[in-house]
Amino acid sequence: MTQSPIVQSDTWIGTADLSDVSEEDIEMDSGVQAVWEGARLAGQAYTVRIPPGDHRGVFRAIATAGPGSILVVDAGGGADRCVFGGVTAVAAKERGIAGVVIDGLIRDRDAIRELRFPVFARGWTPRAPRPRTDGRLRETVLVGQLQVNHGDYIVGDGDGVVRIRQEVAGTALELALALVHQEHDIVARLKLGQQLSDFAEQLKRLNKGQLQ
Amino acid sequence: MTQSPIVQSDTWIGTADLSDVSEEDIEMDSGVQAVWEGARLAGQAYTVRIPPGDHRGVFRAIATAGPGSILVVDAGGGADRCVFGGVTAVAAKERGIAGVVIDGLIRDRDAIRELRFPVFARGWTPRAPRPRTDGRLRETVLVGQLQVNHGDYIVGDGDGVVRIRQEVAGTALELALALVHQEHDIVARLKLGQQLSDFAEQLKRLNKGQLQ
Amino acid sequence: MTQSPIVQSDTWIGTADLSDVSEEDIEMDSGVQAVWEGARLAGQAYTVRIPPGDHRGVFRAIATAGPGSILVVDAGGGADRCVFGGVTAVAAKERGIAGVVIDGLIRDRDAIRELRFPVFARGWTPRAPRPRTDGRLRETVLVGQLQVNHGDYIVGDGDGVVRIRQEVAGTALELALALVHQEHDIVARLKLGQQLSDFAEQLKRLNKGQLQ
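Protein chains in written order, with our numbering: chain A, 2 to 213; chain B, 2 to 213; chain C, 2 to 213.
Think of the hints as simulated: they come from the structure by calculation, not from any bench. Careful, some of the hints might be misleading.
Chain copies aren't distinguished; within one or between two, either way the pair holds.
To be verified - Derived DSS-like pairs (lysine-lysine); straight-line CA-CA distance at most 27 Å:
1) Lys192 <-> Lys205
2) Lys192 <-> Lys94
3) Lys94 <-> Lys205
Take the sequences, apply the hints, and build the full model.
In structure tokens, the structure reads:
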């Protein structure tokens, strides 16, 4: 897996910025959220598809995904069993995996927070997984209504998670970087006493949903 | 806008205390919550009414609301786009606005938390706003089922948000202050080993929902 | 009330570990959660049954429950009034009560967090309780669909709350302790560079939901 152009950037590019510069819908539904405050992640998706509560595919993915990958686990939304927990988080972190996004449930939330390992999920439960299958790796998966291809770029922060298709990642990065610099500039000027109205034209462009 | 009697108090008066001393229902529904832990606000409402996802009215309100105001934004509950974010939060804070309550969605939650600017909303999304109208300012708005008039007093904390009508704000402050002092007194005595039962009569009065 | 075997342990045994070693369903539904991040509790249940919003039974329980007890309050799920708040939390803590689990609502969330008193509930509201009855103490109650007997063991952490029946508490503790030690061992070895696959057989046993 090549280095993510989004991850290579020295400037943090958030989900809101990527949403702004994207012409298509890239946002996962808001049910998938950081399981601890401040968690954020960016990298290329390593996809996993498993039945709800069946975590064996996650173990297989941890053994095979490259450093910097984001595991994107389609567990069908969750039912009532977890598919990821504290021990698995240590294993993933030690392998260099950069974060995990799960359409399903996790557990050991306190331990995962202490580890500072970024995990996004639909919720948590103490209830153990029940392995039945090997799962499927590196196939296209669904997180809510959003399709994620193996190798797509994934970014998550306090606002949720977005997916950038590989084909547009370079352009999205470039546009988002320009946007972030403009926002930093506006914020600096606001702190010097300028008003939002001084940026009316600039903000109108920013608010069009993409730079032009 | 005159100084809020509630804000002038040296003692913090919480939403629970104001709920206790109010004869009418003053609580916003529990869907509207602090977007970061510990956020709280108090001040007079500067009302804004906008279609979901249409944030231009918020920009206009920031330009015109006086210092100490609380923007109360009726965005119809939210749909799927935000109407407030990190740049707007900096602008509002620089103008001296004391906080924002939104029946709708925000974004840039991590940045707003770092800024320590108090924002209450129904949730968050990375998805950009779409300005279409100028919105309406200083009119009566609805947050959930609760009516908020321009100039009403607004208090928000970890329990949610309440609205105190201007006509009763002085009385509510006086009653709530007396209540807070009684509670402080009871807490101090509990820590010295007294029992809840020692305060049976006093607590019965407190629990009637208003001081008498 | 005797000392809890679970509480006596020097090692923290979490809800996930207890879930793993239990043959029956022991998990409260995920609507009942810690009201501040990091809250956790363990001890024997002192049960309270009250109508929604009617907190007088909680006062009575605080006066009579022994040190180390966990109040388990069946308030019918909550409706729109609280049954527990900041003053009651101070009283409970001073009496040596180890925590509170409520199928209902609380208030004074900020104060309870500052007090570091562990409370689990369905949510919060500023709205005052309305005492009407004395409630019923030390009877079997329901939290969601889970039955809790007076004297059962209760454990709560970031993943939710579980109940261990008195009859199986000794065995559950023993099994869970062995499980925790195995997990600690696996985590230590993962950090030394071993892979999850090195523990395949061991993890298979752990994942069966109980030690054998």
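Quick rundown of the hints versus the structure:
no., hint, verdict
1, Lys192 <-> Lys205, "within (20 Å within a copy, 50 Å between copies)"
2, Lys192 <-> Lys94, "between (39 Å within a copy, 9 Å between copies)"
3, Lys94 <-> Lys205, "between (42 Å within a copy, 21 Å between copies)"
Hint check: no violations occur; every hint is consistent with the structure.
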